[in-house]
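Numbering (this note's numbering), first residue to last: 6 to 190.
One thing to keep in mind: the hints can contain errors.
As the list claims (entries may be wrong) - No more than 16 Å apart at the CA atoms, straight line, and that leaves these computed lysine to aspartate or glutamate pairs for EDC-like: (1) Lys80 x Glu95; (2) Lys104 x Asp136; (3) Lys108 x Glu134; (4) Lys98 x Glu134.
To be verified - Beta-carbon label-pair distances, calculated as ranges: (5) Ala163 x Glu83: 29 to 35 Å; (6) Ala127 x Ala153: 23 to 29 Å; (7) Leu131 x Phe72: 19 to 25 Å; (8) Glu120 x Ala163: 21 to 27 Å; (9) Ala153 x Asp129: 32 to 38 Å; (10) His135 x Lys44: 30 to 36 Å; (11) Gln27 x Ser149: 17 to 23 Å.
It is worth saying that the hints were derived from the structure and are not from the lab.
Note that the structure is a prediction, hence the values are computed from the model and not measured.
The beta carbon of each residue, even a glycine, is placed where N, CA and C say it ideally should be.
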Amino acid sequence: MADSDFPGWHGTTIMAVRKGGQVVVAGDGQVSLGNTVIKGTARKVRRLSPGGFDVVAGFAGSTADAFALLERLEKKLEAQPGQLQRAAVELAKDWRTDKYLQKLEAMLIVTDGAELYVITGAGDVLEPEHDVTAIGSGGNYALSAGRALMDTDLDAEAIARKAMGIAADICVFTNGNLTVETISK
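Please model the complete structure; the sequences and the hints are all you need to start from.
Written as structure tokens, this is what we have:
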């Protein structure tokens, strides 16, 4: 089977919601190979604590690639404690310029409870405009639902859970088995 014929790993929806002084990062548990669900309980949202500085990160894409990026992010945070934006920019610069890192296929959502960013392999460090962001195969569904729910009385966690449930109902590469991490500054 040629590389272009390989169905590839699919399936993840990660979203973050910032509301009421909290940031919630939620991720589903599905990993698919082509049209087959390989695992339904993967944990794609993690709490990092380099040097006692708490950061929550969620990843979409290749798991091995995402773990390589998370390790590099931790090193950047250890070198610049308490400076998530600087660490994210340094990681994005490395990702864009390093030939090894350029081949990594993943995206990250990271937050320290105050700042919230999406980091991409294209060298982007994006801050969401509406306090909601999402990545992965069901990301657009979760983002749409989350933005629609921001004007309600729901708190950040309730918005994330409801939006992820909507994404799971629509996207075949997303399930309802959630990992949810909450952080505040």
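Restraint check for Lys80 with Glu95, where alpha carbons must lie at most 16 Å apart: holds (10 Å)
When you check the alpha-carbon spacing of Lys108 and Glu134, does it fall within 16 Å? Roughly 28 Å between the alpha carbons, so the hint for Lys108 and Glu134 is violated.
Verify the CB-CB distance for Ala127 and Ala153 against the hinted window 23 to 29 Å. holds (28 Å)
Could you grab the alpha-carbon distance between Lys98 and Glu134 and see if it respects the 16 Å cut-off? Roughly 22 Å between the alpha carbons, so the hint for Lys98 and Glu134 is violated.
If I claimed the Cβ atoms of Ala153 and Asp129 lie 32 to 38 Å apart, would that claim hold in this structure? violated (25 Å)
Starting from the range 21 to 27 Å, see whether the pair Glu120 and Ala163 falls in it by beta-carbon distance. holds (22 Å)
For Gln27 and Ser149, compare the CB-CB distance with the range 17 to 23 Å and indicate the outcome. holds (21 Å)
For a C-alpha distance cap of 16 Å, please report whether Lys104 and Asp136 respect it. violated (33 Å)
Range hint compliance [Cβ, Leu131 to Phe72, 19 to 25 Å]: Since Leu131 and Phe72 have Cβ atoms about 22 Å apart, the given range 19 to 25 Å holds.
Please test the hint of 29 to 35 Å on the beta carbon pair from Ala163 and Glu83. holds (34 Å)
For His135 and Lys44, compare the CB-CB distance with the range 30 to 36 Å and indicate the outcome. Holds, at about 32 Å.
Against the hints set out earlier in the document, violations occur for numbers 2, 3, 4, 9.
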